[in-house]
Amino acid sequence: MDEPSDHDLMARTAQGDGRAFRMLAQRHAGRALSLARRMLGNEALAEEIVQDALLRVWTNAPRWRPQAAFRTWLYRVVVNLCLNARRRAPDLPLDAAADVADVAPRADAQLEARERDQRLAAAIDALPARQRAAIVLTYQEGLGNAEVAAVLDTSISSVETLLVRAKRTLRIAFVD
Amino acid sequence: MKTDHELEAALRRVMTSTDANDAATQRLLARLETLPPQKRAFARWPAALLDWNFAPAWPRLAALAGAAVLGISVGLSNVGTRIAADLNLVRIASADDTSTNAFETDAGLRP
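First to last, the protein sequences are chains R and G. For the first sequence, the working numbering gives the first residue as 1, with consecutive numbering after it. For the second sequence, the working numbering gives the first residue as 1, with consecutive numbering after it.
Derived from the structure by calculation, the hints contain no laboratory data. Ideal placement from N, C-alpha and C gives every residue a C-beta, glycine not left out. A hint or two may mislead.
[Claimed, not checked] Below, a sample of chain R positions facing chain G; criterion: calculated Cβ distance under 8 Å:
1. 29
2. 30
3. 51
4. 59
5. 120
6. 136
7. 139
8. 169
9. 171
10. 174
Go ahead and model the full structure; you've got the sequences and the hints to work with.
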């Protein structure tokens, strides 16, 4: 039996079907948490943000119009909440960055590569909020420029500009 | 440029998405067990009057009460009297009027 699509589940959620909403939440909560955690660098706040976003999905479901994919809508809510949180608390305490897994025997070159990746991860965390959002949505979530533009409520050319500027900054950290 | 390709590869490597740990996701889902009321679209309000489910529901009661108040207000006001006069439904009583018929006979309405 095929699983119901996001569109079908949202239609049922709009009718007040709590079970359909929980299926939708279960399907997307993990990725939304990863996105928020990467945007904020803080696990506890990421959970709060995603909970808030999902509750907004539930309360506003009767007004939802399927003009975009559900995932795009959810990511837009999550990203906006993250951007607001960063604006309100620019000195947010960051969780320690997770180590990149290394299964090969350590060698100088691999150690150097690992350190470079960690420098890159730190540089991503230090990017301006919208540039970080563009990088995370593109490279972590695998969205195309059009969908990133829909999530950020901007134009495709603006997304391209954000990515160019972000990569210019990251290239410096990566090469150094 | 080699650096650009290396940067792209590094970004994909560093940003490889792993779903948030199960514990965090389960905590989140547990907090969604109890859901608040939804915001109904404004366009749905007239439909409340057409719902013949006689279970008490405040939107329907509120709409009916509002309609009743509006009707009473219009009826008691000058607007109501003028409307009725235009429709020839009311014969304004006077001391000389001996007619007991409330309706104008030439309006074709039966007494």
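List of violated hint numbers, smallest to largest: When the structure is compared with the hints, only number 8 turns out to be violated.
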